[in-house]
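Novice: Spelled out, the chains give:
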Amino acid sequence: MNPSEHTVPASSWMPWHAAVVFGFLYLPIVTLIVYSFNGSGVAGFPPRDLTLNWYRLLFADDAIWTSVLNSLLVALAAMAISLTFGIPAALALDRASFPGKTLFRRLVLLPLILPGIITGLSLLMLFQAGTVRLSLLTIVLGHGTALISVATTEVFAGLQKLDRAQEEASLDLGANYWQTFWRVTLPNLRLSIIGAALLIFTLSMDEIAVSFFLIGRDNTLPLEIWGRLRRGITPEINAISTIIFIFSLAAIVIWYRLRTKAETDLVL
Amino acid sequence: MVAGESPARRRAVALRTAGGMPALRSARTTLATVSEPATTGSTPSSTSPLLDIRKVAKSFGKNAVLRDISLQVAEGEFLTILGESGSGKTTLLRIIAGFEAASSGEILMAGERLDNLPPYRRRVNTVFQHYALFPHLTVAQNVGYGLKVAKLPQPEISTRVQQALDMVKMAAYASAKPAKISGGQQQRIALARALVNRPRLLLLDEPLSALDASLRRQMQVELKSLQREVGISFVFVTHDQEEAMVMSDRIALLRLGELEQVASPREIYNRPATAYTAQFIGHTNLLSGEVKDGVARCHSLAWRTGLRDGPGLFSLRPENIRIAGSSSGTAIVRFRAQIMRQAFHGATELLQVECADGLVLSIRAASRESWTGDVDFEFSSADAVPVRASEKN
Amino acid sequence: MFSRAYRAAITIPPLLWVAVFLLLPYALLFCYSFWSVSSSQEIVHSWTLDNYRQLVQVNVYWQTLARSMGIAARVTLFSLLLGYPLAYYLSFHAGRRKDLFYQLVVIPLWVSYLVRAYAWKTILGSDGVLNTLLQYVHLSSHPLDFLLYSPFAVVLTLTHIYTPFTFLPIYAALEHIPRNLVEASHDLGASPFQTFWRVIFPLSIPGVLAGATFAFVLSLGDFLAPLLLGGPSGIMISNIVVSLFGAAYNWPLGAAISFCMLALVLGLLFLSESLEKKWSFR
Numbered sequence: 001m002n003p004s005e006h007t008v009p010a011s012s013w014m015p016w017h018a019a020v021v022f023g024f025l026y027l028p029i030v031t032l033i034v035y036s037f038n039g040s041g042v043a044g045f046p047p048r049d050l051t052l053n054w055y056r057l058l059f060a061d062d063a064i065w066t067s068v069l070n071s072l073l074v075a076l077a078a079m080a081i082s083l084t085f086g087i088p089a090a091l092a093l094d095r096a097s098f099p100g101k102t103l104f105r106r107l108v109l110l111p112l113i114l115p116g117i118i119t120g121l122s123l124l125m126l127f128q129a130g131t132v133r134l135s136l137l138t139i140v141l142g143h144g145t146a147l148i149s150v151a152t153t154e155v156f157a158g159l160q161k162l163d164r165a166q167e168e169a170s171l172d173l174g175a176n177y178w179q180t181f182w183r184v185t186l187p188n189l190r191l192s193i194i195g196a197a198l199l200i201f202t203l204s205m206d207e208i209a210v211s212f213f214l215i216g217r218d219n220t221l222p223l224e225i226w227g228r229l230r231r232g233i234t235p236e237i238n239a240i241s242t243i244i245f246i247f248s249l250a251a252i253v254i255w256y257r258l259r260t261k262a263e264t265d266l267v268l
Numbered sequence: 001m002v003a004g005e006s007p008a009r010r011r012a013v014a015l016r017t018a019g020g021m022p023a024l025r026s027a028r029t030t031l032a033t034v035s036e037p038a039t040t041g042s043t044p045s046s047t048s049p050l051l052d053i054r055k056v057a058k059s060f061g062k063n064a065v066l067r068d069i070s071l072q073v074a075e076g077e078f079l080t081i082l083g084e085s086g087s088g089k090t091t092l093l094r095i096i097a098g099f100e101a102a103s104s105g106e107i108l109m110a111g112e113r114l115d116n117l118p119p120y121r122r123r124v125n126t127v128f129q130h131y132a133l134f135p136h137l138t139v140a141q142n143v144g145y146g147l148k149v150a151k152l153p154q155p156e157i158s159t160r161v162q163q164a165l166d167m168v169k170m171a172a173y174a175s176a177k178p179a180k181i182s183g184g185q186q187q188r189i190a191l192a193r194a195l196v197n198r199p200r201l202l203l204l205d206e207p208l209s210a211l212d213a214s215l216r217r218q219m220q221v222e223l224k225s226l227q228r229e230v231g232i233s234f235v236f237v238t239h240d241q242e243e244a245m246v247m248s249d250r251i252a253l254l255r256l257g258e259l260e261q262v263a264s265p266r267e268i269y270n271r272p273a274t275a276y277t278a279q280f281i282g283h284t285n286l287l288s289g290e291v292k293d294g295v296a297r298c299h300s301l302a303w304r305t306g307l308r309d310g311p312g313l314f315s316l317r318p319e320n321i322r323i324a325g326s327s328s329g330t331a332i333v334r335f336r337a338q339i340m341r342q343a344f345h346g347a348t349e350l351l352q353v354e355c356a357d358g359l360v361l362s363i364r365a366a367s368r369e370s371w372t373g374d375v376d377f378e379f380s381s382a383d384a385v386p387v388r389a390s391e392k393n
Numbered sequence: 001m002f003s004r005a006y007r008a009a010i011t012i013p014p015l016l017w018v019a020v021f022l023l024l025p026y027a028l029l030f031c032y033s034f035w036s037v038s039s040s041q042e043i044v045h046s047w048t049l050d051n052y053r054q055l056v057q058v059n060v061y062w063q064t065l066a067r068s069m070g071i072a073a074r075v076t077l078f079s080l081l082l083g084y085p086l087a088y089y090l091s092f093h094a095g096r097r098k099d100l101f102y103q104l105v106v107i108p109l110w111v112s113y114l115v116r117a118y119a120w121k122t123i124l125g126s127d128g129v130l131n132t133l134l135q136y137v138h139l140s141s142h143p144l145d146f147l148l149y150s151p152f153a154v155v156l157t158l159t160h161i162y163t164p165f166t167f168l169p170i171y172a173a174l175e176h177i178p179r180n181l182v183e184a185s186h187d188l189g190a191s192p193f194q195t196f197w198r199v200i201f202p203l204s205i206p207g208v209l210a211g212a213t214f215a216f217v218l219s220l221g222d223f224l225a226p227l228l229l230g231g232p233s234g235i236m237i238s239n240i241v242v243s244l245f246g247a248a249y250n251w252p253l254g255a256a257i258s259f260c261m262l263a264l265v266l267g268l269l270f271l272s273e274s275l276e277k278k279w280s281f282r
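Residue numbers (the numbering used here), protein chains in the order written: chain Y, 1 to 268; chain Z, 1 to 393; chain U, 1 to 282.
No wet-lab data here; the hints were simulated from the structure. Don't take each hint at face value.
[Stated by the list, open to error] Straight-line Cα separation of at most 27 angstroms, DSS-like style, residue types lysine-lysine; simulated pairs:
#, chain 1, residue 1, chain 2, residue 2
1, U, K278, Y, K161
2, Y, K101, U, K277
3, U, K278, Y, K101
4, U, K98, Y, K261
5, U, K277, Y, K161
6, Z, K180, Y, K161
7, Z, K180, U, K278
Work the whole structure out from these sequences, hints included.
Specialist: And the structure:
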């Protein structure tokens, strides 16, 4: 009997539980992928008629690809906004003290936990009051605002890991605050920023709640899919979903590699 | 705590060991603890040892961390396991505590197998290197944890916790949280938490390493007197040889997973068995020479020795070399050397001298304003202690 | 340490943006909740508590809110029941495969929410995978209709979505527990179960609170799952809000309901934060 194996309850049910939870988490994804190749569509079990038909239909579908393009543009623009305002926000929270700091912190982080529709419709009210027409621009502003909190949290975490002594050394060696920022602070935050960018991009591509209220004439991908779902289920959706899954998988693998690289880099 | 057997204690011990041993046996072991006197000698007492480590070895994958360790700990003894980092001392301690399993060999406590019990069934408690106090419990709750888990009645827990806190002089902090007290204070609480359970053996994993120098020295003295007072065996792990010498009844010097020497501080200092021991504990001069017909020769020095003919290695402590005096004799070796360097240590100085034939020696002498020219030194041949060579890493 | 220009540069732009695009909109929301809409579909800017009165008096509104809270509570409970043992297993038992398993849990988070909700719809439908599978293995003779277009479907889907969200903070909290505390507990005689109950679980509570808050608040405000899978019996409060901003055109009432949700969420956050502080021991 090995005493060290008894450090925690070595209950035999736990691995089974874990397997069940993993099964539960992946069931819809696996179903989607499998049925995207299913000849008779989304119904029925077991799947038969292996076919690439749905993918073929998908690639011929202009509306979907337009919406993909729209989503990409929106995501990139939102990324720009979130990072531009999120990075200074993180710095401010980490270093500066100013009146209203607590309120600011809560406000910046609120969209993370608030249901998206509240952020969405309050922005709608703003645009209405300002008589701004709804379009991709309003969606960009909405995503950018909602996702600042993501940028701020990631960069803030990166700042916590940053060794202040490096910045002090830079100042000591004659660099001023701006130079120190560009030459020392920012490079150290590189991985946090990239991670945040990746996360913001992915979240923006999938964003529905805020977009729902701010949409104009042009659709983003989720809203395009949503529109079709209202009208009925087509297996094309499975196909595009599978493609989205593959991209998400790639994104998270990259993000995870970056993160672990950041941690090993810090252990000098 | 050792003398005077209260019914409450016997019940607590019975409750404590109820999981591992039948109540009858626990009464017997309790009595054994009471009747065994604390050992003060340099050798293990002739009665059966408390802890018997038999040919324990441990490998992590291909990495052999401990090889063939056999060691005994007597009742009431303060044994230090001394070694550098990588020597395997912490692994050995963890095996005794139960957090690692030995790859081979066995451990017995009071004649019964210890190593097949999980840590929570062993009558062994540990003081961890970084104290491992529970941050969500108060000091008093931390100390009473083992008693609570053994389901002792609350009044008894309160009394014993109070006693333990008094013993480490921390009674005023009973309702504080660990985060609010200093490192030295945390260390005392860790000690109280372990001792309150009245283990047969207390393991201490470098508990003083995080303290600053003066606090450390103070704690060394306190720990030693505490051990005397409480009378249970302490197994103390450290890399600090001075600490080991101050506190221990015996020192077990561990090197690369093997025991170099196990002896009392005096013996290990005055009669080191190997070159490594001689160099690790205190300073020494290692003289390698050739022995022929009972005389050892090293450069131009020669002295009588009982060693067989052949190459020989000798340890000569710097303080055993003195300024040449007027006495003479075959047992005294004289030489002349030039002072190359001196390091002032207060009452004494450590001199580095070079003989005419190029031999360099360290000598500890009473401080003097200046040393000039060549000086005559001498040492007794008995002070050149033969040691075994140690293999290189 | 930092110059005034530097400090101004890092505080003013985000402050301005947040003021314009977050503070102002919420303020507008607040104002709207006190206005009303006239019969000609125009917003009347006179202050009234009428919307809030409707919220309390009209059955459908507060009943839906109550049902939403019930659904959110169930989702939170199930997510915790699924997520905690998983986090525990990964943290204490998974050994070398810990990292891999962690990635496996997080991957579904990155897959589109809409896509996953849609997938459940196809699985649970009367023609769907689950029903045809059950009939195929003769476990049921006809499609089970409670599977879809019911609160059950909503709870199931939301649990699926939010289990990784409860997993993450619990796992982080468990990872933070120094392992020597577990060893110390064993050393002092506590069995593995006692160690879990007295040491590991108390120290993981902040993670549990964070995960639970997240799951509760976000499932409360969810509108997509009920819309796709809820059917008439699964409508949640956000669906009502959405329709008030759409076909049922009554922005002030919608704003009032939203503001109530906002207040509720803020209250929960405050509660959760103070509980977390009480249970964190740094």
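Novice: Decide if the proposed pair is consistent with the structure: K180 of chain Z and K161 of chain Y, CA atoms, cutoff 27 angstroms inclusive.
Specialist: With a Cα-Cα distance of about 24 angstroms, the restraint between K180 of chain Z and K161 of chain Y holds, given a limit of 27 angstroms.
Novice: Keeping to a limit of 27 angstroms between CA atoms, is the pair of K278 of chain U and K101 of chain Y held or broken?
Specialist: Holds, at about 23 angstroms.
Novice: So if I understand the rule, the pair passes when the alpha-carbon distance is 27 angstroms or less; does K278 of chain U with K161 of chain Y pass?
Specialist: 25 angstroms, holds
Novice: Holds or violated: K101 of chain Y and K277 of chain U, Cα atoms, limit 27 angstroms.
Specialist: Distance ~20 angstroms between K101 of chain Y and K277 of chain U Cα, so the pair holds.
Novice: Measure nothing beyond the straight line between the CA atoms of K277 of chain U and K161 of chain Y; if it is 27 angstroms or shorter, mark the hint as holding.
Specialist: 22 angstroms, holds
Novice: Between K180 of chain Z and K278 of chain U, does the CA-CA distance stay at or below 27 angstroms?
Specialist: OK: K180 of chain Z and K278 of chain U at ~15 angstroms, within 27 angstroms.
Novice: For K98 of chain U and K261 of chain Y, compute the direct alpha-carbon distance and say whether it is at most 27 angstroms.
Specialist: Cα-Cα ~17 angstroms, so holds.
Against the hints set out earlier in the document, no violation occurs for any number.
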